[in-house]
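Trainee: The primary structure of each chain is shown beneath.
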Amino acid sequence: MAIFNLNINGETKEVDVDPATPMLWVLRDHVKLVGTKYGCGIAQCGACTVHLGDNAVRSCQLPVSAVGEQKITTIEGLSENGDHPIQKAWLEIDVPQCGYCQAGQIMSASALLKRNPNPSDEEIESAMNGNICRCGTYTRIKKAIKTAASSENV
Amino acid sequence: MTLVKTKIGRRSFIRTSALAGGGMMVGFSWLASCKMTPEQVNNLPKEWFDINGFLKIADNGLVTIMSPNPEIGQNVKTAMPMIVADELDVDWKDVIVEQAPLNLDVFQRQLAGGSQSIRHGWEGLRMAGATARKMLKQAAAKAWEVPEAEISTAMGRLEHKASGKSAGYGEMASAAVQEEKPDEAPESIEAPEEVELKSIDQFTIIGTDRKNVDGPNIITGKPLFGIDIYEEGMLTAMIVHPPAFGLTYKSMNADEAKGMPGIKDIFHVTVYPEDAEKQWSDGGGIPELVAIVGESTWQCMQAKKALQVEWDTPEALESTKSYGDDLSKLLEAPVEKPARADGDFKKAFAGASKTIERTYTAPFLAHNTMEPMNFYANVTADKAVLKGPIQTPEFLEKTLASVLKMPLEKIDIDMTRMGGGFGRRLYGHFGVEAAVISQKVGAPIKLVYSREDDMTQGTYRPAYKVNFKAGLDANNQLIAWYVKGVGTNDDLIFENRFPAGAVDNYLAEKNSLNTKITTGAWRAPRSNFIAGAEQSFMDEVAELAGKDPIEFRLELFERATSNPVGDPEKNDYDPQRYAGVLKLVKEKSNWGNGDKARGVSAYYCHNSYVAQVLDLNMNGNQPQVDEVWCAVDCGIVINPISAKNQIEGGIIDGIGHATFSQMTFENGAPQQQNFNDYRLIRHSEAPKAIHSYFIDNGIDPTGLGEPSLPPIVAALANAMYKATGKRVYNQPYILEKEVVG
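Quick mapping for you: the protein sequence lines, in order, are chains A and B. Be aware that the first sequence starts at 0, since it is given in numbering that gives the first Met the number 0, and climbs by one per residue. Be aware that the second sequence starts at 0, since it is given in numbering that gives the first Met the number 0, and climbs by one per residue.
None of these hints come from the bench; they were simulated from the model. Among the hints, erroneous ones may be present.
What the hints assert, rightly or not - Covered stretches of chain B (in silico footprint by chain A; criterion: 3 or more residues with CB under 8 angstroms from a CB of chain A, positions within the stretch not fixed):
{"no.": "1", "region": "392 to 398"}
{"no.": "2", "region": "418 to 426"}
{"no.": "3", "region": "647 to 657"}
{"no.": "4", "region": "685 to 691"}
{"no.": "5", "region": "712 to 725"}
C-beta atoms are modelled at their ideal positions from N, C-alpha and C, and glycine is treated no differently.
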């Protein structure tokens, strides 16, 4: 066990955990931020996607010891009032069905728009292919990303 | 309007405290806002009045409507309260939706399965709203001393035009309660014996787009799911189940694992004692497991790796290959009696001008809900409190009563939003496991399956094999049809579905073999395979007849309408509604024009009719679906935006599984354990566009969560044939070989 001071959603959080513990479980079990979801544990489904700095990463494969000073952003910290353009577009298009994978989808999509404010269909597919949606909301996710990209505040 | 007898228990308005009425819940979901404005905080209800268990009205006019059925992504949590709200005649923006706990004294059929929540709930939900509205009118009539018939309602207000009196529902509910004197029998407003339901043209909420009531909570990552439960003093539990079907527990060495950080206990656990009264919903529950209890999930996962468990092999283990051989033998073996026989198939087939015979197969499939199985349980000496994702809470409660030896009234089950169901959460053994583990450790626990646990302890979609034969006469009329289906633990065939009733000589046979692999309902059970096979075969028969595949089907529906074969009451479809969706999709897809590789399919299941046209391109051996047109007859559509979502989801699900997915077994052991080797459809493989159309016929609503999946499998196969010139018979199509057999 070791103590880590983590920058999560702009706040410093102290945790005392095994250094090998993936950020996914640090977030869920220790910091009690449960929006980041467990889906596969092997970086195949994308449900656990968070931002490390500006990049979308799979938190199930990110040991807490590797984070250091880097900023972690989770779905809870993506915006203060749930009004990130991606979140607004998600509501406008009524994307979710069961909703379980959607935090991961939103974190991947928001990271995509940050580096590419106007992605093509192919660029969206390529960036989002690591996020599985078992309910099959893919067509609406693509529509929502395009809606958010065309809004002004990205 | 329709006058109906109410089935709501006779009761008056009941005052409940603001807290019980959902003070916290209001903060969560009121007006779908993520943060409440000061104005909203000031306007928080002071009191709530429970009218009939389905709904509560606050003094300020807010209405809480309970959604009785489990929510698995089919969006009944929005649709069911919409129905209540419409009959109550309130403004949807004043409605707060709350998930009801299991309570069969108030609600009926609290189950998510068979696409039946809306169909079965329809009348009861309308009655709940209409009853409350009538009681409010009665209260107003009494307060204003005017005839009830002269009082009208709209948008949560009562009005008596002649006297100019009006009041909000909240004020009137409040007044009705205050009239009652505590020491006297309630003199005032009791549930009426009869209520009037609205006519279709009076609906103001039903048939309009209403977004998912949990949307704002989903997109901000609020705790909604069973796996998100963290209670004070709660420990985490994981299980180790046999690595192969057919193995049983022998012994374990937990010395090292028990000493690992955070681990509280590791023990062998009997989930189902021999005298347990199991329900059908206990399905794949394994009687004996090993449980690991610790402080955190990661610690339990590490201990699990260090734990050594030995298993006994009491009997021979089974493999996918052996099932394939066994199913092939079963398909050839005679059956005792046919499931249905019209005319004389053998004679007609022997005398036919043209004949065709084809066989189709499909592998086992795992459900793979994105949220793995989990459940929270806190079992003490005199009470069991459970919370989690379950499609069948009523049956879980019954099993718990038997296993825990506790009366039903001491068991509380709360239903959380589910990260997918698809049938998997009909089988609630994980709830029983959680309860037994909590009881044994004497602490609240949350049981969490790893993805590997989830995928390898399934109640899988059975493997199937089906053989079709058809005969045409000299005029290319279909005169003979034969279907024989076999499956693992499941006999596949719906003998009274189309084309039964449309062919003079029809023979349907079915059989099944028992396996140790646990199988169960997987989205659109049986239909999910037989529709694809039947509608692929239909395409080949139409081609053999030299006819357009839509015209060929329409001829058969015409036959089933004008001169049905056999007793028309036995046919469990309406040929005119079937033809209706085909005609609509033909028009919308501009069928017959263009040069794209295109397939058509139509199917009836879960009381609804679906026809689809699909365009695709081939990318090597992989189909890339371009566009899908889908026409649906599910009667009245409650929430069109959500209905489209269900249709789209079913189509993508169907294309994905038919193209990519399979679960295979060797010596009883599942060969796919996680998403690296179990392939699900991904973003780039989804159709580029899906267009959905609904028949507007005012018929009472029927199933929607499942019916779009089965037919798409054949629309895909038929379009693949147009693109490649080769028919596909074996799923997953990307392999085109028999995974079973």
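Trainee: Run through the hints listed earlier and report the numbers of any the structure violates, in increasing order.
Mentor: 1 and 5
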